[in-house]
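Student: Take these sequences, add in the hints, and give me the full structure.
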Amino acid sequence: MQDPNADTEWNDVLRAKGILPPKEKEEITEDDIVNMLENTIEKKSKGKDYDEMNKDELDDLEDEIDDEDEKMFEMYRRQRMKEMMEQQKKSSFGSVLEISKADWVDQVNKAGENVWVIVHVYSEGIPLCKLVNQHLVQLAARFPTTKFVKGRASVCIPNYPEKNVPTLFIYRNGDLKKQWVGPHEIFGMNCKVEDLEWMFGQVGAVPTEMEENPRKQIHDVMQSNIRSTTTGGDDDEDDW
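Residue numbers (numbering that gives the first Met the number 0): 0 to 239.
If you are wondering where the hints come from, they were derived from the structure by calculation, not from laboratory data. Everything hinted at is true.
Here are the computed lysine-lysine pairs in the BS3-like style, where the Cα-Cα straight-line distance is at most 30 Å:
#, residue 1, residue 2
1, Lys109, Lys162
2, Lys162, Lys177
3, Lys215, Lys162
4, Lys100, Lys177
5, Lys176, Lys162
6, Lys109, Lys177
7, Lys162, Lys129
8, Lys100, Lys176
9, Lys100, Lys162
10, Lys191, Lys215
11, Lys176, Lys215
12, Lys215, Lys177
13, Lys129, Lys191
14, Lys109, Lys81
15, Lys177, Lys129
16, Lys176, Lys81
17, Lys215, Lys129
Tutor: Below is the structure:
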């Protein structure tokens, strides 16, 4: 027996005669809506993807959308605007903010959903703290989606031991994810901006493209020197 739901000319004739009931409309899924909207946008935007458009371009495109597509477009437009606002909020850092104890909760613990916060607790007059602050200024400019703050130990953490500065804390969603306490944990005055970028990147606090620990090269050179010294000592012993 022929399937009455099949798309055939004969079934269309039977439906027209009232012999077969009208064919049920297929349910349109969310994926179908997305595909239809993307096809419409692609045709009317000359191939430019909607997520590459700015607000003005989205407004212009909306004027060209047919009434039947207006609802879908408005849904997409609102979603895109939300994404743009969230990205703008995340990208609004770019510098190192000075905070006090009173600012800590709002600026660190409540920095925003999924926002990484790097905190430098420092003391004035200590060369390494000054060096770390200089490095953080560079990193803050390069990674504006990460929030960088600094605070004097005497102001943020009363009675904080001076031997513990500089201290670096990393927070996310109010939780402490990582900490480095004291000069020895950040290589003292030998600390390079690349060292901090690598350290932060390993935690996930900055989207670094570094693939190798910059300290590995130093370690390899030291090992090579040790082997050379050892080999040289053996040669001298043989000469005797």
